[in-house]
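Enquirer: Chain residues, written in single-letter form:
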Amino acid sequence: MLQEILQSLPQVLVDGLTLGAVYAVVALGYTMVYGILQLINFAHGEVFMSGAFIGTAFFILIMGMGWASAIPQFILLIIVLILTASITGLVGVGLERVAYRPLRNAPRLIPLITAIGISFILQDVVRFIAELFNGNYIVTGPSLFSEQITLKASAISSIFYDARFKTSFLIVLGVAIILMVALDYFVNKTKWGTAMRAVALDRETASLMSINVNKVISITFFIGSALGGATGVLFAVQYGTIDPYIGFILGLKAFIAAVLGGIGNIRGAMVGGMLLGLMEMFASANLSLLTGGVFGAEYKDVFAFAILILVLIFKPEGLLGKPTAEKV
Amino acid sequence: MKGKLATFFSNKQLQVILYSLFIIVTSAALYFSQKSVVSFLLLLSSLLILHFMNLKNVTKWIVALGLLFILIPFASSGGPAFQSYMEVATMVGIYISMALGLNIVVGMAGLLDLGFVAFFAVGAYSYSIFATSQASNFMPFGNFPLGGESFWGFLIVGGIMAAIAGVLIGVPVLRVKGDYLAIVTLGFGEIIRIIFNNGDRPINITNGAMGIASVTPPEIFGMTLSFPNQFYFVTLLILMFTIFAVLRMEHSKLGRSWKAVRENEIAAQAMGIPLVKTKLLAFALGASFSGIMGVVFAAKQAFIDPTSFTLMESFTILVMVVLGGMGSVPGVILGAAVVTILNLQVLTELTNWLNQLSLSGVLTIPDALSPAKMQKFIFGALLVAFALYRPKGLIPAKNKIFDVKKLKDHRPDHLNNDTKENSIPIDKVQV
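Residue numbers (my numbering), protein chains in the order written: chain S, 1 to 328; chain G, 1001 to 1431.
For reference, chain G alone in the conformation it holds in the complex (with noise of 0.2 Å):
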């Protein structure tokens, strides 16, 4: 029975025609009712079952975009409740992004930091701040707040600001190991909220706790981007983006140093790796990735405040990676759209349903226990399961495996007349 669910499943032409009915039948309902979450969930999904297909990469790419760019945004535009499904899937790729950022620092170079979100911050400071009158107050010179179509060089400015901020970061903490890293990173975290929850004083460049409002909407070929559905092309955009530079970088010679580092930075370092240098290409690669998302963040909801950046959103994006699977690309993307998707829709929608249920006297449960308020305690049962259970995630990293023999015959002439005992096996070099 299981050889033959086997061959049934691993027939190529059934897999394409069930997935083709599987997202026929979503999409359908998604567009059809007024408001369905479950399908709507369904349909995401649609993109996970894509990933474990038996199909070529190219060709998985092409439906994914596919997905992403038409069947998605047209499926879901049927009823009143476009804008909240769209709101909900700029989220996912915001978080997306941002969780691919920590993926460099956590997954990759071994480095456990739990202040990322102050990147974010940046990121979304730095744009919010010349988009509103605010810069005028310390600005000697300029135009402010600045026009609509400065959004895009400032998707630019926030990933190089976040960068930076990382790199000063980096470079203190570079002397600090393991678990201590982890607390000066937290501690730099909460520095940079309390920074921008006090800057408001001697001069006001951040507006302190007020937040800062009004955030200028970015603007192309004159046209106004406010409604989510719009924002959510800028983000995929930039998360296609994330994802590339992310596939690209992990098996680039920085990538794979990343790893060996985390590794055993001492045998990394004899092996001629420079130490500081990569770990701060690490800390500033993965911050800038988060400080884009953080301009998004800043021109989507026009109003930011420091509330937005505490320590919790730090642990969420952590909880992401774990979730995944620290170091898997694949694997954070969907701990990512998992964990912004339970934030975001399973539990509000979970506390709708016991609220009614409590309102129609079927049971009380009592308002402490309402799922919207147990987001911690989820979080800390996740991360404490994984760790014990599965520590390496949902889809477990795989480092790429290389064909011994495939190499040996790519190599230069001159190489190959080496003796023997020179040559180091391909297959033993592998950590």
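Just chain S, with the same shape it has in the complex (with noise of 0.2 Å):
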């Protein structure tokens, strides 16, 4: 049995950081928000859709266009991750004035409650678009570095079978960790960054220190979602097609992540993502191996839910977080 695990390592581990890079960008923008505002914006999932489609779609709209071939797809990949990061950073900034904002002093189930309802709106009104243009709303995009290459991981050890991926992986994870590299850098080192920390330790004595609190978490909200926003097109460049109900449990695996790091923790919610997708990658590869076959592959989503369950109970804080005492 042990065997059979080994051999699959590879693979496993390549699928699995890719996921697990998804999860980890998109982890980002539940966790910044949540050390902001304490809030969970639940809606974040339907961003990432939202980038999704609208990656999706400027891809078939530039290669629609006959000189765009002339562009090397890798130039093409900026262009359409900058534009859709851009708007779905707008579409963050609007959900944050319209449906947090007004509700900052309500009881915290009322926040949570337009949370829901805005992500409904966003996938009625997103597979109502692609409905309206492509007559069904699963949208295939254009594949772009499809090459496929083998990991040699025989060579290595005769234990390994070899991996295959198709080039979008390395895209995929390389674009992932310049834009955790990037955000953590803004965070950390900017003025800005050194705002937003302030705001998220206390929102009072910030605004006292006359820092901008409703600029700094507009400003949140439009990295959150543009971060997601452009994980949303690395995920369509990868997995190609795309609906719009992809956002919902993809979003709830993510914050699953950013709980695992520690909520409110920017490095956590990384290692958070990381971890989840390589666990999940590994629990739906060798699941019903494991149990007998009385599991199978598709128990994959209560294992990462069951891993929710268990850090909350067990430490809620987090793999990173730090532990905090209810106030009265």
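Just so you know, the hints here were simulated from the structure itself, not pulled from any lab data. Some hints here could point you the wrong way.
Pairwise CB distance ranges, derived in the manner of DEER restraints [stated by the list, open to error]: (1) S/P107 to G/F1141: 35 to 43 Å; (2) G/K1012 to S/L90: 53 to 61 Å; (3) S/F133 to G/G1222: 55 to 63 Å.
A virtual CB, placed ideally from N, CA and C, is assigned to each residue, including glycine.
Join the two chains, each given in its own frame, into one complex according to the hints.
Expert: Here you go:
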């Protein structure tokens, strides 16, 4: 049994890292908003999904123009990433303005309910637009970076099988890491990043220190949503087919990743995302093997939720977070 | 003018006369027309008008029961659409009961549960597994399927099973607060659905994604219940029990502890409310109403599969509670009725109407925009609009107001001798 697990390990690692990178960047959006507002931005998964659709639309649009085929794929990807990220960032800012800002002093149940409402609206608007232009809400984007690469893991040791992946795997992983490093630099080294951390620590005192709290919150939403949207584009490139309902479960998983790493902690979200991606892929590859066929790969969502519940019960502050005492 | 209108409407006799007139006209319209959704809805709305009328509670209840048990089934029996009306009314009853259950958890105890449909599923599966030959796959004894009489027993079994599921979910979840709770319950809802969806291996318990078909219909006194109009009465009876129980619970010691926990957990604990027990009871009782209706649902549909218990259903029930008013029993009843009718009648009718319009070439609506598909958008818009502008819902919850003087007069003698400093004014205790 161990041998079989080891054989599939390189492939599991490759797939897990791809999925983990997606989770990690989406988890950043959750964790940033939570750090500042102590609010779960339920609609963040839908922002990710909108990003995937907007990105695919741009790809189709640009590649439909004749002269565009002269552009190298990589530059095309960067253009689309930037365009999509700015649009979804603005969506995020608008979302905060409409659904969260008026409720900042309301009981905590209420913003959660608006968040669910907003995510329904986004889902349906995207479905409507996709169905209107495409005839079907399941959209397949143009295939990019699709050369197959074989990782010769068997050359290292004969217990491993070779792993196969598309070039897009490298792109996804690379872009995700660049995004994370950039964000880390922004939050820790720049003036606005410092303001963001100050607001997260104590909103009222920060406002006394001449920090424009509303602006900082808007910027947080912009960055979080822009990252989410950019990840959506990466997701569309990697997996090809998207539908308006991919955001919800993926958003939940990313949230689990954020909790796993310690919610409110940016590096924690990155670690948690990668870990969750790897664990999930490992589970879906080996669950039926480990349990003798009783539980199959279809229990991988159960596995993710079980991780969430275990973390919340035994280590609610997450892997890298600090425990907090509740204020009376 | 306004004053005159007010006196006009506060006149009790006039109210009653107008109301009776309204009922007579709408029920006659319903009885004599072939298929008139409008008059059916108007007749149902008479119950809402009744709620706002200036009458004694007892009178209101008697009139409402008369309407529900006699007039509505009779008036709608006139046309060929009788069974479809009854079908809608039964679904409304089932959803009201579930929404009342969720109202206990969300509205009264303030625990946002996003996986509520799981309990409905537990109830539905517990009946349908034993009322088909499915149970013989894993039960070492007994003769399955059970007869239709077992339905009545399973109402209780389903309720208990759902309550157990509620406690099982509640125990790990209780250490988690607020937003986390929402996510964890959502996760549990999905877990239960996935388990039912894959429950055909290694032992075939739930028959997996195929679902369980031909569930034995209930029987009473040798009569088999299989038509919607028969289920209407079953649902109505259970619904009456649910409403009665919820109303009694709301102002009981337990109900007041729920509200205290909702307002401030730490303060409630300091006042001596056992948090764990109170929250678990909220989960268990809320779940049990849902489980009971699950049994009815399984028997009515005679076929269930995991697709009936998706996340969307949980959110639908949440929309009902938020729309009606969290914590308000009449509000939740109204919310559930409005949402169910919107789903089953208004949206489908609108779609048909629009289709006819586009067929006759008056105007063309793209298929993507057909109202039946807009359900999610409508729900989302409702949730946002209500949370922003009317967070207390259509009929806001009212706290019972105690008359200080009356309470003082009823105090036992030895308490009346207290010095003034020791007695806490009742109106200040109210939260």
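Enquirer: Confirm or reject each hint.
Expert: Now the hints, each set against the structure:
no.	hint	result
1	S/P107 to G/F1141: 35 to 43 Å	violated, 52 Å
2	G/K1012 to S/L90: 53 to 61 Å	holds, 57 Å
3	S/F133 to G/G1222: 55 to 63 Å	holds, 59 Å
Comparing the model with each earlier hint shows a violation of hint 1 alone; every other hint is respected.
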